[in-house]
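Novice: Listed in order, the protein sequences are those of chains X and B.
Numbers in my numbering are just positions in the first sequence, counted from 1, shifted up by 5.
Numbers in my numbering are just positions in the second sequence, counted from 1, shifted up by 5.
Because the hints were derived from the structure by calculation, they are not lab data.
Honestly, I wouldn't trust all of these hints.
Copies of the same chain look alike in the list, so a pair counts if it fits in one copy or across any two.
Mimicking SDA-like on lysine to any residue, the simulated pairs with C-alpha atoms at most 25 Å apart in a straight line are [stated by the list, open to error]: (1) K223 x R182; (2) K223 x R107; (3) K113 x R124; (4) K223 x R213; (5) K223 x T184; (6) K223 x P247; (7) K223 x Q242; (8) K223 x A91; (9) K246 x G202; (10) K223 x G81; (11) K100 x P90.
Please read these numbers as outputs of a predicted model, since none were measured by experiment.
Protein chains: 2
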Amino acid sequence: MGVSEQPFYVTRGDERIPGILWTPEESVSALPLVILGHGGKSEKRNTASLAMARRFVRRHGMAACAIDAIDHGERGSIVDTGDGPAQPEYIDLWKRSDTFDRMNADWKATLDALLASDRFDPRRVGYWGLSMGTVLGLPFVASEPRVSAAVLGACGLTGPSVIRGRFAERHRADAPRVTCPVLFIVQWDDEIFDRDGALELFDAIGSRDKRMHVHPGKHGAVPLEAVDAMREFLAAQLGGKP
Amino acid sequence: MGVSEQPFYVTRGDERIPGILWTPEESVSALPLVILGHGGKSEKRNTASLAMARRFVRRHGMAACAIDAIDHGERGSIVDTGDGPAQPEYIDLWKRSDTFDRMNADWKATLDALLASDRFDPRRVGYWGLSMGTVLGLPFVASEPRVSAAVLGACGLTGPSVIRGRFAERHRADAPRVTCPVLFIVQWDDEIFDRDGALELFDAIGSRDKRMHVHPGKHGAVPLEAVDAMREFLAAQLGGKP
């Protein structure tokens with residue numbers, strides 16, 4: 006199945022939110038839609054998101070979309086600095102008190118705009134995002150009742166991450182408000198979010214229908230088996246083709 | 006696909022070990038074989054094992070076998086006493102110093118006898134057992150190089166179980182000797198084996214290729230999703246039909 010990739014911009018007050026929509030080329034109506042949240046210092050069209058989006062389209066006949074997070078991609082200067090120190094812009098992002106609420110509003114505006122097209126089924130919207138995709142995505146999933154299934158993980162309430170500062174408190178408050186079916190992914194040897202904090206976050210998620218898959222390996226080494234499980238979970242929950 | 010169910014007995018010194026073998030009716034040679042270890046106060050043909058065995062045959066074209074554990078089923082008087090106190094025979098089983106080594110030898114003798122028939126592929130032998138199926142099965146998997154994939158879980162190094170007494174020490178020693186691919190199942194609200202002890206046991210397993218699936222619920226409430234994952238894991242590892 007061919008994959009159509011279409012850039013879009015959503016305007017919300019002064020914000021111009023850049024996004025990408027992936028759909029089947031021979032698109033039918035009322036498609037399931039997965040929102041892909043990217044990791045820290047990355048952007049909407051990173052390799053992992055692109056591969057995931059294409060697989061949702063090709064294998065399951067679903068649609069996927071992604072936007073740049075605040076100060077990432079087309080919206081700023083944050084980039085991956087490898088082993089070097091984090092950029093001041095990145096550290097600053099986690100010091101500002103409005104980061105979570107702005108991001109929630111960005112995703113909500115994006116979802117409003119896409120659903121207004123009548124191409125997607127509003128009862129079959131999912132969210133996928135690990136690491137910063139959970140740091141920012143968990144509050145969004147907690148706040149957005151139209152998200153009916155979510156994949157979260159590679160994140161926790163404690164650990165040495167520079168972005169940990171202000172969000173543990175927010176996550177403790179928001180995790181019980183996540184009530185949709187959740188698959189939570191843990192990297193057992195994560196050097197950025199520690200094990201106990203990851204388990205504590207899974208525990209705090211309010212959904213009765215939740216499960217956690219744990220794999221050995223560091224933060225960035227999520228295995229193909231987990232990638233497949235995440236995709237198949239959302240396809241099953243949202244009624245994509247098996 | 007029709008399922009053939011055949012009782013058998015294996016003799017090992019003074020022991021007469023009762024077992025059941027499940028195979029496809031139109032059996033070919035060199036079948037993958039899964040050894041099913043039953044839970045405490047149960048027996049070889051319990052509902053869960055029977056359903057699992059039939060699914061291995063019907064869905065994957067594989068064979069399965071089970072034997073009664075020491076003092077269980079045809080080999081003794083231990084039965085499920087529900088909410089009542091455990092039988093003295095059951096408590097005694099965990100006080101005896103030879104329980105693990107006897108059970109290892111029983112399974113080894115069973116495997117020797119079955120493989121001698123040339124109906125099974127000795128490179129495609131798996132083990133499945135939760136709860137007491139892990140209490141006894143983990144030392145067996147650690148000791149038996151012919152087991153090339155295992156499903157373990159609903160078990161841990163600590164907790165209020167009456168059978169905990171002597172086996173934590175044995176499990177601490179044997180877990181690092183388990184080196185085959187493992188799927189480890191945890192019930193997040195297990196009232197018999199506590200959470201920390203379950204995570205500790207997963208951590209101690211020596212296999213580099215291991216993963217843990219965690220589901221909310223009590224000890225006995227393993228969900229269908231986990232049952233499917235266990236079966237599909239062994240089928241994939243042992244080359245059954247997908």
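Novice: Determine for every hint whether it applies to the structure shown.
Specialist: Taking the hints in turn, this is what the structure says about them:
no.: 1; hint: K223 x R182; in the structure: between (28 Å within a copy, 23 Å between copies)
no.: 2; hint: K223 x R107; in the structure: neither (30 Å within a copy, 40 Å between copies)
no.: 3; hint: K113 x R124; in the structure: within (17 Å within a copy, 59 Å between copies)
no.: 4; hint: K223 x R213; in the structure: between (28 Å within a copy, 13 Å between copies)
no.: 5; hint: K223 x T184; in the structure: between (28 Å within a copy, 20 Å between copies)
no.: 6; hint: K223 x P247; in the structure: neither (30 Å within a copy, 30 Å between copies)
no.: 7; hint: K223 x Q242; in the structure: between (28 Å within a copy, 24 Å between copies)
no.: 8; hint: K223 x A91; in the structure: within (19 Å within a copy, 43 Å between copies)
no.: 9; hint: K246 x G202; in the structure: neither (35 Å within a copy, 39 Å between copies)
no.: 10; hint: K223 x G81; in the structure: neither (28 Å within a copy, 48 Å between copies)
no.: 11; hint: K100 x P90; in the structure: within (16 Å within a copy, 57 Å between copies)
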